[in-house]
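*Asks:* Okay, here's what each chain looks like letter by letter:
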Amino acid sequence: MEKINYKRSEPRLMKGNEALAESAIRADLDAYFGYPITPQSEILEYFEEQIPIRHGKVLQAESEVASINMVYGAAGAGARVMTSSSSPGVSLMQEGISYIASAQLPCLVVNVVRGGPGLGTIQPSQGDYFQAVKGGGHGDYHLIVLAPATVQEMADFVFDAFRLAEEYRCPAMILSDGALGQMMEKVELIEEGQFPKRNFSWATTGKPATRERNIITSLFIEPEKMEGINYDLQAKYAKIQKNEVRYELVETDDADIILVAFGLSARICQKTIELAREKGIKLGLIRPITLYPFPTNIIKEFADKAKFFLVVEMNAGQMVEDVALAVNGKKPVYYKGRMGGMIPTPEEVLVEVENIIAKQSEEKR
Amino acid sequence: MEKINYKRSEPRLMKGNEALAESAIRADLDAYFGYPITPQSEILEYFEEQIPIRHGKVLQAESEVASINMVYGAAGAGARVMTSSSSPGVSLMQEGISYIASAQLPCLVVNVVRGGPGLGTIQPSQGDYFQAVKGGGHGDYHLIVLAPATVQEMADFVFDAFRLAEEYRCPAMILSDGALGQMMEKVELIEEGQFPKRNFSWATTGKPATRERNIITSLFIEPEKMEGINYDLQAKYAKIQKNEVRYELVETDDADIILVAFGLSARICQKTIELAREKGIKLGLIRPITLYPFPTNIIKEFADKAKFFLVVEMNAGQMVEDVALAVNGKKPVYYKGRMGGMIPTPEEVLVEVENIIAKQSEEKR
Amino acid sequence: MLKANEIIFAGFGGQGVLSMGQIIAYAAMIEKKEVSWMPSYGPEMRGGTANCTVIVSNEKINSPIVSRFDSAIILNQPSLDKFEPAMKPGGILIYEKTCLVNLPTRTDIECYGVPAIEEAVKLNKKQVANMIILGFFLAKRPLLEHENVLKALKKVLPERHHHMIPVNEQALEVGRKLAGEMVLA
Amino acid sequence: MLKANEIIFAGFGGQGVLSMGQIIAYAAMIEKKEVSWMPSYGPEMRGGTANCTVIVSNEKINSPIVSRFDSAIILNQPSLDKFEPAMKPGGILIYEKTCLVNLPTRTDIECYGVPAIEEAVKLNKKQVANMIILGFFLAKRPLLEHENVLKALKKVLPERHHHMIPVNEQALEVGRKLAGEMVLA
Amino acid sequence: MIRGKVTINSSTCKGCELCIAACPQESLALSKQINLAGYRYAELAKDNCTGCINCALVCPEAAITVYRQQKAKKSVTTIGE
Amino acid sequence: MIRGKVTINSSTCKGCELCIAACPQESLALSKQINLAGYRYAELAKDNCTGCINCALVCPEAAITVYRQQKAKKSVTTIGE
Amino acid sequence: MENEIQDNGLEIVYKKPSTLTDTPLHYCPGCGHSVVHRVLMEVVDELGIQDKTIGVAPVGCSVFAYNYMNIDMQEAAHGRAGAVATGIKRVLPDKYVFSYQGDGDLAAIGTAETIHTVNRGENILMVFINNAIYGMTGGQMAPTSLEGMKTATSPYGRDVKLMGYPLKITELLAQLPGALYVTRQSVHTPNAVRKLKKAVKASFEYQKLNEGTCFIEVVSNCPSGWKQTPVQTMKWIEENMFPKYPLGDIKVPKF
Amino acid sequence: MENEIQDNGLEIVYKKPSTLTDTPLHYCPGCGHSVVHRVLMEVVDELGIQDKTIGVAPVGCSVFAYNYMNIDMQEAAHGRAGAVATGIKRVLPDKYVFSYQGDGDLAAIGTAETIHTVNRGENILMVFINNAIYGMTGGQMAPTSLEGMKTATSPYGRDVKLMGYPLKITELLAQLPGALYVTRQSVHTPNAVRKLKKAVKASFEYQKLNEGTCFIEVVSNCPSGWKQTPVQTMKWIEENMFPKYPLGDIKVPKF
Ligand SMILES: Cc1ncc(C[n+]2csc(CCOP(=O)(O)OP(=O)(O)O)c2C)c(N)n1
Ligand SMILES: Cc1ncc(C[n+]2csc(CCOP(=O)(O)OP(=O)(O)O)c2C)c(N)n1
Ligand code: SF4
Ligand code: SF4
Ligand code: SF4
Ligand code: SF4
Ligand code: SF4
Ligand code: SF4
Ligand SMILES: [Mg+2]
Ligand SMILES: [Mg+2]
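Chains as they are written, first to last, in our numbering: chain R, 5 to 369; chain D, 5 to 369; chain S, 7 to 191; chain F, 7 to 191; chain G, 313 to 393; chain V, 313 to 393; chain A, 2 to 256; chain L, 2 to 256.
Rather than coming from a laboratory, the hints here were simulated on the basis of the structure.
It is possible that part of the hints are untrue.
[Claimed, not checked] Using 27 Å as the maximum straight-line C-alpha spacing, the simulated DSS-like pairs for lysine-lysine come out as follows: (1) D:K11 x R:K304; (2) S:K157 x S:K9; (3) S:K161 x D:K11; (4) A:K252 x L:K209; (5) V:K317 x A:K53; (6) A:K196 x A:K53; (7) S:K128 x S:K157.
Please model the entire structure based on the sequences and the hints provided.
*Replies:* Right, here's the structure in full:
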């Protein structure tokens, strides 16, 4: 993935949700459509406060179903547009997201995940990983999924998400969680005016005499044509997989045990590494930043070196499947997680690591 | 999975959709709620014709969102209840399904899949595999997913689905496709009156003085409690995985190449086996009948014997991930599929097999 | 008889191609044969092309989807254009005479043009043209017993049209007779 | 000074626990320290318990979630019951005197009961009790420069309340003084 | 009486007969022939058309063009009123 | 004047003062004390209550029980009317 | 706790209905939700239908209604209480079924379910708490928020031309043939509560007739969302809500 | 094809509007959808706004509207055309935006989006084709199906007490302050088509004023779903549809 050096403002202390919203305004957002839901209502509230006195459009929709379809319309009209919600609301958007992916429209969907399933809790969770990366809607499609781990990334990834979405005509998602949305950290925001708009030749802006009419649709009633669309999509995904993978390596150089974790869990794991190294356990962390495209290759590489992998998630074990697919049987892949709004502690992750080590050395004996 | 020998009626020629609906009436369905969508509108139409002159309730809802929430209400009231739809409609149900799974209500959701993503086509597809088995809604939950391959199974699996759903308090899904829904085949229906109703102590039927009030909810605002719900769910899923896996083996005894396919694809593959064996290629087929719980173990077993696996799907490659997870690197796992409403032919599957054989023997040299 | 006969019925919506297929399917079921009937469905339901594939077999049918056919009943031009190339050599292709502009050209299949509409008009029921063709087909390819075809007819025809059974039977007979007279198209 | 100080602020909604935490966080940021502020949020927003965790550190903060604390500011009984056991040995626990029925019992931590409400009433602004406690805390744990705390106060207080800055400053001072007078609870 | 004429696109006409029902002059009728889509199409059967455009207004296929005797200096439009 | 009395559950009362505003007799007032949930609660402050139940009708916490001088033979109900 | 008749010649004329549980209500001080809960349970008590009544709670502040009402209840997804209640009533036609929903739930995300439930004349009671705000999520604009009203998502006041007009959904519903009884009540005074209770009682009694949906809007308050004291809210209801949402029966059954 | 003025002194007084493409319409013979398409494009032609007009097609028989109208168009998910049109109009406020929807789309699954689009007074035109049936999916009951009407999902006739009453959504919408112009038109006669066109033209002109939503219901037919010949359907419209869905303006702008 491309790395751009933007000019940034002085550091500020901001909530993740607000940093994300402010960043979107600075990314020259044309329109936001959304519906309140904890723990992300601050995003809508921030826009309702700022957009009228700055630039862009904001509308509180009657529901998440309406929101995502407003996004579809505005994106189809060539606008830079986003919505945000939390788990139940994002489930309601699945049909719309499938349409957007199929019609190949760029946009940003933010999911500030909370504990599920059902109404669940409003505490942080990563239970929507599968929905985000496998496609919770119908048919074969993908979102480009970015997983921030800090308030700084909540802000920055807005730019990345729009850049990728627009480059690939593909909806992008920021998969965050309640803790990242609600917490305040220092953030150096990208300054306004550095992120130019593209001119989309396919957008429905009114057909001038000089071009064919533009049509935004996902309907191709002949299956041969629909298959063609699917081949196009798959080719695009292959390209994204090739070019846009992003991850972070933490103390992996000498590590013989690899933690894999994203978002908030990855920060927990960093603390675990600290604790482990104090005890002489050589832990390292692979933090997928793009969940789709998934950093399969780097994990594959480490499958040769590491003794085992431990995937730490705030869910019942979802990304662990993608890690196992990457490792492909070369080394054991374990899972440790908490669910329904609970957050694993660095200490309990360490205990898990130690238990596995003990078990493995026992097996050897 | 339990096998029950039901008394059956004389063979009839029926459309898959109609056989399924008739079978549901014979399974003493209490209520159906649904909304028209091709290629499954016959299900609603059949009920609207038959239920008024037989037994049960039927209601054409205003949408799929309404349907699934009516199902929630009726299931919570202890009724045997179902809905059906096709891909875009099932996407709209994802929030409701997550609620039902979380509130642990038994019910049946039928997805007669069509080509996606988006509005797509109305031709048969298996593009909703991920949505069905990984959970298209938010949070960690599963449906019990049955994949029929014949009109006979379209009918029979209704009984299985309700039995499992009610035993585990877990929503079940029949994952079919447009072809199976629309085609006619001979079917011997299970006769009425053999499938007793259970009395659910948890159902909201009005609180008598003699018991505590019953509450159907998926809200557990303390994350500790919500995690408890999640542990219960995971324990249930483990039990389901242990007891309810179902699959079919076709000519696998002497096979050195294993096809894996479900539903309509599996029938295509059977023809491929025929063609292959004429050429002396020893093909066999594992047909997962339950997609969740997935028949991981049997695939694992064959990983020791087979040269390679070829997963044949009417999608861009979804079940292939679950097969690869089961094989865990022991043997190569390949994918062959068509998308967006296209159906692979037996011949092209065979060509794929031959290509892989050629490639492999080339690699050896 | 062949192990299986894979038949395509194709024409405009409203010409009765789906019910022709269903009659064959029902009759085959009555004879305890294996059978599958697969419509092409679509927004084209409402006009446009309609077709169905019927497989009649003595063995369990695996793939209900076939791309090559033993028999074809063709009631319009687009269907001929689509399905003539998909015929297996030695197959039979029957078309309604007045519905085609360009006739089939393959020489490795049997082709028959049946004046079904003309004959149906003679019976004062234009709608039974499809039954004339069906009679013709079954005479050329005696897959099924006549009496079972009649039983199947009763199944497929909605109750409210049962008064039309006699004219349908008559039509089958007309087709059968035409087949006797006609050796090659 | 410690590498990091992990502080919990807890009480009822409306007692100003969240803004206490924010003032610390802002001041730390002004001093170019690393900082994170994490609220507990919930339907309890509307009454019930509210709390926030603040980490002030000289190094990059990895986990913003902590389960053991160096410092605690406690404004009601349920919070004491919940967080007293979570204190690290040697930590400091400060509570408002009139808000508790049962006092803290641990002996391996420093505990102080501050008569903040009483003092606030003296200032004719009951709402600044939290600032008195904050002043007290910062006197006992001089994590931050006073001037930066004042700057932070201005940040956290909404514009429309800026006329209340003086009384808040006064309150901080009162707390600071109380701390000087008080050696152990 | 004003003299008019219609031409009907026989390949797009679907033979719905709405024009026939709408013609106050009963000028229109269905053809004996069928077109490639399988429909009998509408034709001008009598020479009494007044160019009132009623038929065109109700034609779902926009298959009808209507001509009318030139009047003084009305400018040509594509519009039905 | 009818004699009445109210008792107020001081642990569930949230001190919203709706009862105080609704009492035509101005019989009620907030306590000086706070309860465990941190609220000052309503109390009967004067002895002029008529048992009109107005306060109970508006109390969100159902914290108020109202008593009234026994009349001839009205049967006891739990109901507000 | 107390004896029914006291020694001193006082008799109990009002006490907490027995169908209300002892769980402390989680609502903010002075919130109208609690009053409506109590009134509902008073009627259930009075009619003796605890064993025949099934309630549906929404997503909104009243999501926990089932903690307080000692009857069988279901918690519906946001906006879908109408559909859930339909599901229950269709399979248990002899039971009393009611839904309880806020204005966001019923009139924003649940608009379709609300309209079609009433249009089908489902034989249920729908209780609609109009507090002109999204209470639970922290005071955002609701479809019923008044023109110019400041909320968390209309910080400059509701601009009706951009954000929509206050939606009088009750008036719309009253026009549907499926609606049997439609009324707007309030909780701002003791008398209003008395009337509300009458309406609730009538609705349960109508439900036996299977003649259509009963719909009660309750103009309520949200001290937290409105940033007013409870006593202020009651005044604000009168001065600001009633002009837009006037009290009274909008449709009464004709028999 | 033809010259504008013929040799024989005849001039063209009616021809296919140029903004209609040459793609043969996929609709069944005699279907009203086609007529409405044509009328819309006649107005676009006449106002010369092809380059400023963006249409939104629904899911329903008119899903392919974009194949026929030679303008920029979007195809919306079932029921969501109102939301999609809102999205477009908000970011392109100077363009003419219209949605085109069937009765299942607009008044069943899309009820919430429809009501809130109009309630916000989105400055768009909504065209609503009421053919009292789900045409595309094969003739199932629609919210607007008449009492007793037999459809694929009401084979014994619509039982309004079980299945809901014919929904007069247009009347409901007219009451929303966001609705600027609400009218019910038809296509059953040449004169009806003339009036429809007037309404469409007025709506596009109102759209420039930014004063609210224009909403045109077109009482249309579905020969396939109704199992009638096209000519029969026009009579059936008059005899059966109009008594329930009377023609005419329901709300006109007051300036
Ligand atoms: C699908 C979905 N969207 C949004 C939410 C968040 N949410 C919870 S309650 C609520 C609105 C509550 O407002 P209202 O219905 O008026 O009830 P009140 O709290 O005012 O009583 C919202 C938007 C949710 N839980 N689910
Ligand atoms: C989410 C979803 N549900 C259902 C459908 C199936 N569907 C397609 S069109 C349609 C109804 C069409 O009826 P109407 O809106 O009245 O349009 P008409 O065809 O009558 O013009 C339905 C239910 C769908 N495509 N998507
Ligand atoms: S223009 Fe008028 S008179 Fe001429 S054919 Fe058409 S309807 Fe008849
Ligand atoms: S109205 Fe048009 S389509 Fe119908 S018959 Fe006349 S010309 Fe043909
Ligand atoms: S019963 Fe009436 S008089 Fe007595 S305290 Fe209550 S409101 Fe006042
Ligand atoms: S109304 Fe109830 S809760 Fe409010 S102050 Fe009075 S007794 Fe307390
Ligand atoms: S937020 Fe408003 S509606 Fe919710 S409990 Fe508090 S006062 Fe009541
Ligand atoms: S099905 Fe009905 S609405 Fe659809 S095209 Fe045919 S006639 Fe028109
Ligand atoms: Mg509300
Ligand atoms: Mg319709």
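*Asks:* Are the hints correct? Go through all of them and say.
*Replies:* To see whether the hints hold, each was checked on the structure:
no., hint, result
1, D:K11 x R:K304, "violated (54 Å)"
2, S:K157 x S:K9, "holds (23 Å)"
3, S:K161 x D:K11, "holds (24 Å)"
4, A:K252 x L:K209, "violated (38 Å)"
5, V:K317 x A:K53, "violated (35 Å)"
6, A:K196 x A:K53, "holds (24 Å)"
7, S:K128 x S:K157, "holds (25 Å)"
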